[in-house]
Amino acid sequence: MSILSPPPFSPQTAPDFLALDRLRAALNRTLLGKPDVVEFVLACLLARGHLLLEDLPGLGKTTLAKGLATGVGGQFARVQCTPDLLPSDLTGVNIFNQKSREFEFLPGPVFTDVLLADEINRTPPRTQSALLEVMAERQVTVDGVQRKLADQFFVIATQNPIEMEGTYPLPEAQLDRFAMKLRIGYPSPDHEQMMLAAAVGDRNSLEPVTALAAGQLGQIQSHVAQVAVEPAVRDYLVRLADASRRHPKVRLGLSPRGLLTWQRVAQAWAYLKHRDFVTPDDVLDVAQPVLDVRLGIDCLSSDQLDTGADPSDPVTREILDSVSVPVFTKPSDAVA
Amino acid sequence: MSNLNRLTFLLATLAALTVGAADSGAAPRGVPLAEAALAVAVALAIRWRIDAGWPFPGQTVPARYVVALTFFSFLPWVVEPARAWLTGERHPFEWLLLLGLRNLALALAALAHLPICLRLAGLASFFVVLSAASIGEGRALLLPAAAYLFASGAWLLQLNWQGRGTAAVARPAPSRMVVAVALLSLAGVAGIPFVPAHTLTVARGFMPSSGGDRDRDPAARSGVKDGDDIVAAKDDAQSVGMTDSDLFLDSPDPSLYDTLSEAYGEPIIRKQIDIAIAVGQKDVRENDGRAARNQKAGREFATVRGRRPPPRAMANLESEAMLYVEGKVPLHLRLATYDRFDGITWNAADESDLPDRMDKVGDGPWMRLRNLDVPYLTASNHHTIKVARFATESIPTPPHLDRFRLEQVNSADFFRWSRGDVLRTVRKRLPDGTSVQTRSGALDPDALQPIHLAYAEPAPGADAIRSLAERWTSGLSRGWPQIEAVAARLKQDYVLDPDYTAPADCPDTASHFLFEARRGPDFQFASAAAALLRSLEYDTRIVTGFYVRPDRFDWRARNTPVVQEDVHAWAEVRLLGGVWTTVEPTPGYELPAPPWKLRKALLALLVAALDWCGRHSLMLAAATALTVVTMHQRLRIADVLSTLAWRWTGRRRWDDRVLATLRLLDGRSGRARLPRPAGQTPRRWYGGLAGRIAPELAEDLQRVLCWADFATYAPATMHQSLPGSEEVRCTCARLAKGWSLDRVRAATSVGLAGLANSAAPVPRKTERNLA
Chain X
37 MSILSPPPFS PQTAPDFLAL DRLRAALNRT LLGKPDVVEF VLACLLARGH
87 LLLEDLPGLG KTTLAKGLAT GVGGQFARVQ CTPDLLPSDL TGVNIFNQKS
137 REFEFLPGPV FTDVLLADEI NRTPPRTQSA LLEVMAERQV TVDGVQRKLA
187 DQFFVIATQN PIEMEGTYPL PEAQLDRFAM KLRIGYPSPD HEQMMLAAAV
237 GDRNSLEPVT ALAAGQLGQI QSHVAQVAVE PAVRDYLVRL ADASRRHPKV
287 RLGLSPRGLL TWQRVAQAWA YLKHRDFVTP DDVLDVAQPV LDVRLGIDCL
337 SSDQLDTGAD PSDPVTREIL DSVSVPVFTK PSDAVA
Chain P
78 MSNLNRLTFL LATLAALTVG AADSGAAPRG VPLAEAALAV AVALAIRWRI
128 DAGWPFPGQT VPARYVVALT FFSFLPWVVE PARAWLTGER HPFEWLLLLG
178 LRNLALALAA LAHLPICLRL AGLASFFVVL SAASIGEGRA LLLPAAAYLF
228 ASGAWLLQLN WQGRGTAAVA RPAPSRMVVA VALLSLAGVA GIPFVPAHTL
278 TVARGFMPSS GGDRDRDPAA RSGVKDGDDI VAAKDDAQSV GMTDSDLFLD
328 SPDPSLYDTL SEAYGEPIIR KQIDIAIAVG QKDVRENDGR AARNQKAGRE
378 FATVRGRRPP PRAMANLESE AMLYVEGKVP LHLRLATYDR FDGITWNAAD
428 ESDLPDRMDK VGDGPWMRLR NLDVPYLTAS NHHTIKVARF ATESIPTPPH
478 LDRFRLEQVN SADFFRWSRG DVLRTVRKRL PDGTSVQTRS GALDPDALQP
528 IHLAYAEPAP GADAIRSLAE RWTSGLSRGW PQIEAVAARL KQDYVLDPDY
578 TAPADCPDTA SHFLFEARRG PDFQFASAAA ALLRSLEYDT RIVTGFYVRP
628 DRFDWRARNT PVVQEDVHAW AEVRLLGGVW TTVEPTPGYE LPAPPWKLRK
678 ALLALLVAAL DWCGRHSLML AAATALTVVT MHQRLRIADV LSTLAWRWTG
728 RRRWDDRVLA TLRLLDGRSG RARLPRPAGQ TPRRWYGGLA GRIAPELAED
778 LQRVLCWADF ATYAPATMHQ SLPGSEEVRC TCARLAKGWS LDRVRAATSV
828 GLAGLANSAA PVPRKTERNL A
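If you read the protein sequences in the order shown, they are chains X and P. So the first sequence is numbered by this note's numbering: it starts at 37 and just counts up by one. So the second sequence is numbered by this note's numbering: it starts at 78 and just counts up by one.
None of these hints come from the bench; they were simulated from the model. A few of these clues could be false.
Pairs of lysine to aspartate or glutamate, EDC-like flavour, derived with a Cα cap of 20 Å [said to hold, decoys possible]: (1) LYS366/X to ASP743/P; (2) LYS505/P to GLU470/P; (3) LYS814/P to ASP733/P; (4) LYS405/P to GLU776/P; (5) LYS366/X to ASP128/P; (6) LYS505/P to ASP490/P; (7) LYS366/X to ASP733/P; (8) LYS309/X to GLU776/P; (9) LYS677/P to ASP521/P; (10) LYS102/X to GLU75/X; (11) LYS405/P to ASP521/P; (12) LYS405/P to GLU214/P.
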């Protein structure tokens, strides 16, 4: 059989790929003209990671989150983060029921499948840190009682890159919980025309549809975790992480948790390419959004802030270029 | 490669060069250096290949590289037979060990990105330099060893700094430490000349195969089986200090007479057949007393001599010098002169032409002999001659002696002139350990005019010699050119044969040597030269003494020992003012080089180069044309070779074929002056060209890239879903043919160039959100 265009690598996974194609199509209908963003969002979802969107208002962040929630067949909740938002506003609170004379737990918005935390950097660190356990452990502890969240719990947080007044930058520990950081950007004029045309009438023809069956997302995520990563690629990842820690312009290099996330996202990326093994190309393809969210870069010049240019771009490129790619060596030649 | 890796490789390279410079075997000096350079080149190629993309998963050395490392270390033993056959020289065992260690250091340095290899490379190179500097000879090894000293300081500094630098931010080492290490290293290098020679030579004892009596290595260069002799002090009483043995109570120091007899054999006493007439009883007077000994004017030198038969047992080779000379060599030290020749025997010079009385320079102890303010003596040579064990009353002095100093003796009455311009003391012999310092002029042959030479009437009855001398010097101007021509012809046409003995009934040994034997020992050369030059009316004499050989120069002790075998005879011609200058007619013996003149040296070099080019013009033209063509077509030649290698490799399995094809493409990109960066995957680098080449070729490229991903990164268990080998072979062949060097060049000029300028690692860039 040819491996040029490999089919799904087992009969069991064939329905998963069909469902993923449906989800991809649904998201592309929801977010017009942004197939690359959709692909990264899918990779982030399959890697069981969380997504940070850094962009301006009105560019489709909520639409994307809603579409994703609908696509995976789950619930959607949105929290507008403000300076007076309390942790209990997110996690939920115990209230005293006068009738039953007992405390009852009133779940917060985190008890959902897809949570959109809008303008997360406007809420103070106290509230931000309430999300730490939620994102890392997928559970909430209120008054000493742990409560599990949904297995496919997925956070999409947004933050505004330009308005610096009244914002609380996310701490490194919080940033490290996100799998990647993306920007959506404006759509092209053609896609804006399509969007306007679809909005005419009572019902938007671009309304999202459900693409995955119940429990199918968890099944796909477990398949993704089994994508093979050969020793040569693992060594490549380790050397990249080491290079990120040695780069003079990086304040904080890649953490071991970040390295694990990078490998998981690369696995998901390979899975989306219908491959059951990871190549260095997968690692490099997802490097920019994965590193953007967690590398502290020193080179934030005023020009870059004014123009909104991505400051980590040249640094990431230097890191990636400084590490030689393992090529031309068969797995049988390598002795781990 | 990081700075530390580069430094490690530099250390190993310097160690290899030190070994190359220290090898003082029979092979020419350039051969060991070329071998070292070859080993460095091999290690560099390995390093380059690793940088180009040989991965090392983890921090361990793969098994096959351990095998290659071992083989590289044992390579000197493998190539030694071939090397011995080519150069005629074998390496002793310890040197082979050293060469193996050199290769190991280089190989480890090539793998220096692994921390264990980096440290081991530093250790191995240090041991190599230490051993080479201890057992090697020659000034040439000072340069790489000193460079190693500096580099190793920097290496240690960098290693220490890297060990400390656990923070993510790499900082350069402080400059003060660099300066301190450099100064310490410099002080160490500067101190080497002041270390006593015996201290340096102690380190030689660490090598195993020299000395001892259990094993004998035919390739060993010194000291084989002399360990017991040294311990028992049979050779040299000083080797073990004081001894109670009476073995050395009688001094064995030889005199010049002993030395001459030892070198040339005992004079053969001819039977004199005289006619005797009996005298009467009254004319006979009984003498009861001891016969008187005639000690005056009795010095003779017979040129008919017989060599002693060789001793039955192997004699010990005396290594103790008779004299030590410090200063410019080669040098002729005259001890006795002879100026009358009867065809058989040279007789000592007359007393008539002794130089003037010597004067003190200031209050002494320097003695001025004569004013050497003549145009043909230009520079001044300074020598120190130390008498070690030589019984003589004559003071060995170089020619053109200007002034001298004997220790602290500041009285001119202590010295006398012996016959023929030979300086001597009033004592019976010079005490052992006496140092004589001399200053003498250097002859500039270009400034020596015919009027500066002294002439004498030729000896009658030597027409054959005269005609031979005229034939040799025909066309040459009178003066030094003729003298040089005679010496040069003797050196060129006659054979030095120390064992040859003229027939006992030979009436004229010079004629016999010149016209019949055409071979003989050095005194026959000197006799013949003197006879020839006298026939040309140059005032000539014979001198015996020592020839200080430049090849005996001990670079550590900074002097040249003179041993018994260095006794020598040569000729001298007289210049005006009583100066005698040396003429060296014996092959293998040289005069001191004339004062160096840049213009003359450059001119000689130019003439020699032009002459060589003229003689090898055809070969030179062919080599030049070949070089030009090779240089012009070097990329194409390299491409043909790599294509042949591609055909040869990867025949066994489909994945070998696929990876070899990608390597071929990589090589062609490099030759097209745009090599794939190490941080770029082949898919990213070549994928940018897919839209710029023929669709079918782009499809083949994509297939090969897919297969390469599968061959490289898929687990071995997945390799069951193999593509058909015929399909792979055809696709790779099409790609290798279609992706030719010319097409790559054309594509890179429009395609990869743009790719390089915007070599973004992430192709899928999200749009920028510009406010």
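Any hints this thing doesn't respect? Which numbers, in order? Violated: hint 4 alone.
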